[in-house]
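Visitor: Below are the chains, spelled out letter by letter.
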Amino acid sequence: MERELDFEKPILELEKTLEKLRHHESQGRGGHRSLIETLEKQLDAVRKEVYRNITPWQTVQIARHPHRPVLRDYIEDIFTDFVELHGDRCFGDDHGLIGGFAMLGDEKVMLIGHNKGKNVEENIKRNFGMSRPEGYRKALRLMRLAEKYNLPVVTFIDTAGAFPGLDAEERGQHEAIGRNLTEMARLQVPIVAVVTGEGGSGGALGIGVGDVVLMLQYAIYSVISPEGCAGILWRDGSFSAQAAEALKLTSASLLDLGVIDEIIPEPPGGAHRFPQQTADTMRSVVLKHLKELGALTTVKLCARRFEKFSAMGKFIE
Amino acid sequence: MERELDFEKPILELEKTLEKLRHHESQGRGGHRSLIETLEKQLDAVRKEVYRNITPWQTVQIARHPHRPVLRDYIEDIFTDFVELHGDRCFGDDHGLIGGFAMLGDEKVMLIGHNKGKNVEENIKRNFGMSRPEGYRKALRLMRLAEKYNLPVVTFIDTAGAFPGLDAEERGQHEAIGRNLTEMARLQVPIVAVVTGEGGSGGALGIGVGDVVLMLQYAIYSVISPEGCAGILWRDGSFSAQAAEALKLTSASLLDLGVIDEIIPEPPGGAHRFPQQTADTMRSVVLKHLKELGALTTVKLCARRFEKFSAMGKFIE
Amino acid sequence: MGWFSKSEVRRDTQKLSRDDIWIRCQGCRAHVFKQDYYDNLNVCPKCSWHGKLTAAERINLTFDAGTFDEMNASIRPSDPLSFVDGKGPYTEKVEQSRVKTGLNESVVTGTGRINGVQVVAGVMDFRFLGGSLGSGTGEKILRAANYACEHKLPYIVFSASGGARMHEGILSLMQMAKTCAGIARLDEKKVPYISVLTDPTTGGVSASYALVGDVNIAEPGALVGFAGRRVIEVTIKQKLPDNFQTSEFFLEHGFIDCIVHRKEMKQTLYRILSYYNRSGRHHGT
Amino acid sequence: MGWFSKSEVRRDTQKLSRDDIWIRCQGCRAHVFKQDYYDNLNVCPKCSWHGKLTAAERINLTFDAGTFDEMNASIRPSDPLSFVDGKGPYTEKVEQSRVKTGLNESVVTGTGRINGVQVVAGVMDFRFLGGSLGSGTGEKILRAANYACEHKLPYIVFSASGGARMHEGILSLMQMAKTCAGIARLDEKKVPYISVLTDPTTGGVSASYALVGDVNIAEPGALVGFAGRRVIEVTIKQKLPDNFQTSEFFLEHGFIDCIVHRKEMKQTLYRILSYYNRSGRHHGT
Ligand SMILES: [Zn+2]
Ligand SMILES: [Zn+2]
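Residue numbers (our numbering), protein chains in the order written: chain A, 126 to 442; chain B, 126 to 442; chain C, 472 to 756; chain D, 472 to 756.
The shape of chain A in the complex, shown without the other chains:
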């Protein structure tokens, strides 16, 4: 494990001990079975305890955990028959945001999502899941194709943000995101968005205008990174934990605020520890919503989406 999270130490220690014991056991040097069973129960309890009291700042760390499943993992774990479609038909093919036809159970969908790498090399290729304008334009192209083929769109959100680079600015990062927000608002097929890891600002929202917006329990979704916010509003990046708290970026807060529609629970210990279990839960929640949305007429669907986003925000009048 490249990065150990401080607050996970009690879990990690027990996990290491158990691993050693199991190794012994598997090599025939046994006699630890009852100890193993005891420790397993203890581990379960510790995981629950640690994850029950998790802070927003700790959630940020889980959401960014290098072992947290990325889109490629979900494509393998719960989707079938993925046909990746490349390119924005204009400038390039963004490797940080990918998409294509896919099956989820018996539902045919257009799958689109940020795509972080799993190691340094892959992350360089995929720009750490930070898309350039051509990524957003590819996403829009695929959404329009979905509209033509009458397929619901499923988006997976996991990005620190849209890439802040010279080339990305030159090619209109702002226009690309604004265009997606505009076109998604009126897309004539259902859109289910799932925040799976980091939901970083406009770069997340750029594929996030869903009829239903779901969120993994330990994902985050925020207008700005806690570090960035602390730097600006506290004038000191070390106040990131306070900023994380203030920004209300956890799934529970976002459900309260009406920004997301449902939390997809992760096992205590998180998706990075239990990827398949997390994926299975996600699969059934997404499928449930796809089926519900599929029953709506296009007119009703679009009207609902407009009303949904019209109602976002709180103000005094």
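Each hint should be verified, as a subset may be incorrect.
Calculated cross-link-like contacts (lysine-lysine; reagent style DSS-like; alpha-carbon spacing at most 25 angstroms) [to be verified]:
{"#": "1", "chain 1": "D", "residue 1": "Lys623", "chain 2": "D", "residue 2": "Lys564"}
{"#": "2", "chain 1": "D", "residue 1": "Lys710", "chain 2": "B", "residue 2": "Lys250"}
{"#": "3", "chain 1": "A", "residue 1": "Lys273", "chain 2": "B", "residue 2": "Lys273"}
{"#": "4", "chain 1": "C", "residue 1": "Lys661", "chain 2": "D", "residue 2": "Lys661"}
{"#": "5", "chain 1": "B", "residue 1": "Lys425", "chain 2": "D", "residue 2": "Lys710"}
{"#": "6", "chain 1": "D", "residue 1": "Lys660", "chain 2": "A", "residue 2": "Lys233"}
{"#": "7", "chain 1": "D", "residue 1": "Lys661", "chain 2": "D", "residue 2": "Lys737"}
{"#": "8", "chain 1": "C", "residue 1": "Lys737", "chain 2": "B", "residue 2": "Lys233"}
{"#": "9", "chain 1": "A", "residue 1": "Lys425", "chain 2": "C", "residue 2": "Lys660"}
{"#": "10", "chain 1": "A", "residue 1": "Lys273", "chain 2": "A", "residue 2": "Lys416"}
{"#": "11", "chain 1": "D", "residue 1": "Lys661", "chain 2": "A", "residue 2": "Lys233"}
{"#": "12", "chain 1": "B", "residue 1": "Lys145", "chain 2": "B", "residue 2": "Lys134"}
{"#": "13", "chain 1": "A", "residue 1": "Lys425", "chain 2": "D", "residue 2": "Lys661"}
{"#": "14", "chain 1": "B", "residue 1": "Lys416", "chain 2": "C", "residue 2": "Lys661"}
{"#": "15", "chain 1": "A", "residue 1": "Lys233", "chain 2": "D", "residue 2": "Lys517"}
{"#": "16", "chain 1": "A", "residue 1": "Lys273", "chain 2": "D", "residue 2": "Lys517"}
{"#": "17", "chain 1": "B", "residue 1": "Lys233", "chain 2": "C", "residue 2": "Lys660"}
{"#": "18", "chain 1": "C", "residue 1": "Lys505", "chain 2": "C", "residue 2": "Lys558"}
{"#": "19", "chain 1": "C", "residue 1": "Lys661", "chain 2": "B", "residue 2": "Lys273"}
{"#": "20", "chain 1": "D", "residue 1": "Lys623", "chain 2": "A", "residue 2": "Lys233"}
{"#": "21", "chain 1": "B", "residue 1": "Lys273", "chain 2": "C", "residue 2": "Lys737"}
{"#": "22", "chain 1": "D", "residue 1": "Lys710", "chain 2": "A", "residue 2": "Lys273"}
{"#": "23", "chain 1": "A", "residue 1": "Lys273", "chain 2": "D", "residue 2": "Lys623"}
{"#": "24", "chain 1": "A", "residue 1": "Lys145", "chain 2": "A", "residue 2": "Lys134"}
{"#": "25", "chain 1": "C", "residue 1": "Lys623", "chain 2": "C", "residue 2": "Lys737"}
{"#": "26", "chain 1": "D", "residue 1": "Lys660", "chain 2": "D", "residue 2": "Lys623"}
{"#": "27", "chain 1": "D", "residue 1": "Lys517", "chain 2": "B", "residue 2": "Lys250"}
{"#": "28", "chain 1": "A", "residue 1": "Lys273", "chain 2": "D", "residue 2": "Lys660"}
{"#": "29", "chain 1": "D", "residue 1": "Lys737", "chain 2": "D", "residue 2": "Lys517"}
{"#": "30", "chain 1": "B", "residue 1": "Lys425", "chain 2": "D", "residue 2": "Lys558"}
{"#": "31", "chain 1": "D", "residue 1": "Lys710", "chain 2": "B", "residue 2": "Lys273"}
{"#": "32", "chain 1": "D", "residue 1": "Lys505", "chain 2": "D", "residue 2": "Lys517"}
{"#": "33", "chain 1": "A", "residue 1": "Lys233", "chain 2": "A", "residue 2": "Lys250"}
{"#": "34", "chain 1": "B", "residue 1": "Lys233", "chain 2": "B", "residue 2": "Lys273"}
{"#": "35", "chain 1": "A", "residue 1": "Lys273", "chain 2": "C", "residue 2": "Lys661"}
{"#": "36", "chain 1": "D", "residue 1": "Lys660", "chain 2": "A", "residue 2": "Lys425"}
Keep in mind that the hints were calculated from the coordinates and are not lab data.
Dock chains B, C and D with the ligands against chain A, hints included.
Guide: Only chains B, C and D with the ligands this time, still in chain A's reference frame:
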């Protein structure tokens, strides 16, 4: 005059003589009035004679004449209240293909056209009127805006061809042209295309799918340049005149072939000699067609355009 | 006497130098007479650098006298996150901004006439929390869009904003989707939407309604980028070109239709509006 | 025995080397057994270089046995311009091509099944006048598109073409608009259109129907550019990258959805077709 056309020599000589005489006259050293009148009549006759017997290859040279009016000239001569709109909202702004709102008489239109320069410096900026993909994409954006605002589109075609460059290929010159052909085929507002100078292959057609396609008398419109054709089919560029003949690229031939709908006559001597007169004729012809097309319903308009291009070509069955 | 009188308010937002007579131009760094600057519509008489305008000033400059009719003026920020940062609670900042500007939100919306043409407009004011996009801002921009849609009136938004309003957290981000939903509906109904970008239009505003106009007009020299300059420099470890993220930069890169001097803005808007062909085509067979 | 037998026809189009047993791969320059090459679908067994296929070979490879039903087979070139060039009259070239290929035009169109899914298809044959886009080619491609539109059947075009057919002059150019009009109508009716680009797909074909597919699939290593390599080199006086204008180049530049090995083409087409949701949504209120 940077380039004298061989076959125009009789005209040019008379013009020079006349110019001198008029200069004398204007400086009070007169007495040539009757000679001037005689020569003027002679010049008229010579112009008519030369331009009556013009060959396709000579037409090519007129169409490319450096003094032949370009889009900017027509904008000044016959359009009013031009509001230039820049950019493809994707990559760049092409200076070789421009567009914007404009008035032609009492008709509001979206004007789009290739834009050659009038001198070397301007030609470098405008890439000699050879557009890159961003030019074609700007054209399409403006056509869609015209559709939204319910304005007819008027296109002015004058290009040696789409730019054959590394960058143009990278950004999908082929896709940009093919996309325009596809979208113009179903655009829900009238399209009047005018070939004013060189109608060079796909680069010309990329803004040339008109309900009505007009052509200045001494313009050309061809699938390939005579030089290119000679190089390939005669394996020798010096056969350009033969190729020009074979390609049937003059307005008269194109009218016969059903590819254009009307020839806009130029005075004998050509548009480069009589720009305002040519522009005035063009104005009235374009206006006539705009009014006729404006009377059609959208459904009828689009059906007619589809039928028109469906009928293009000759084959045996 | 200029086209509008000096106000306490404006004095706060201009960087004054030395005394009250002179103002230092942020473009050419020259000292120019304040009165000349005001008389020139807050444009430097020497280099044509365009200074900021308040919403009221912009409205005076754009709409026929006495025709601007404000809507939804009472909408103001709430504090949905009970947000407190290093410098104190959000509610205090809001109160300060309200007192300072006399405005309730970072945008003023309403109807008005431009050379007689009735339009709906949103005019942002950078003085109000940096023109940030809060829930109230988004609500007003959406309501104005809906009004334009319903009455088939052209919609014009003058943007001036540092981006999303962090103090409202994710709800601020959602205003990007909310406002764009309004723009999408306008487009569906073929109602014109003209976006005017003024200095600065960045972040969440540039990445939502500001760059998806039928026509995107910018004032000269306006900063109209997405990401912050420093963020980019840190990320790519590279010096950025001088004109980076200006109107001129984005004109060349294809995202701005035209750059228009403040003096010609009203007439240009009028000319563009004149091309909206309300009568419509026949759609029968 | 391979998936199709060697034919006189194919032998003509492959560059043979030394004798009739060996063939020299144009990709890796290696000598490979002809039979191995044919058995491998005209793909080099050593480097996977994809050689050309005739229309008949492509049809055999793509459609379920016995399901391909040709349409408009009798359409053939006329000579609208009475075209004669340095090498003789167009009509003679046409006759030579017809004799050589047994085809009447550069494209074969018809209906067929792909793993049971009924589609309409156009399959170009490079041997017929370099796969050039003549009036007959355009007519067949349009008619097939119209048939697909009318019967709501997915449309697939396999391109292989050097571009427009000069010998038909401007009428050849017009085929670009004509074919695209058909594609536009398919799109209006939400009928799938899949474009398969094979080596080479250039000029007027690349700039019309070949790159506007819902999905653009290319074979590996295919030349799929617009302008000729030499024209570009002369124009820009610059060396071009090795992979210039290949499928791989345009995948990276965003114009190709996926590059698919010939062996997997049929299955890939089938998979994509399976996502066409013919049932349609409810459009009521
Ligand atoms: Zn100055
Ligand atoms: Zn090989």
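Visitor: Hint numbers the structure violates, sorted upward?
Guide: Per hint list: 1, 5, 15, 16, 18, 22, 27, 30, 31, 33 violated.
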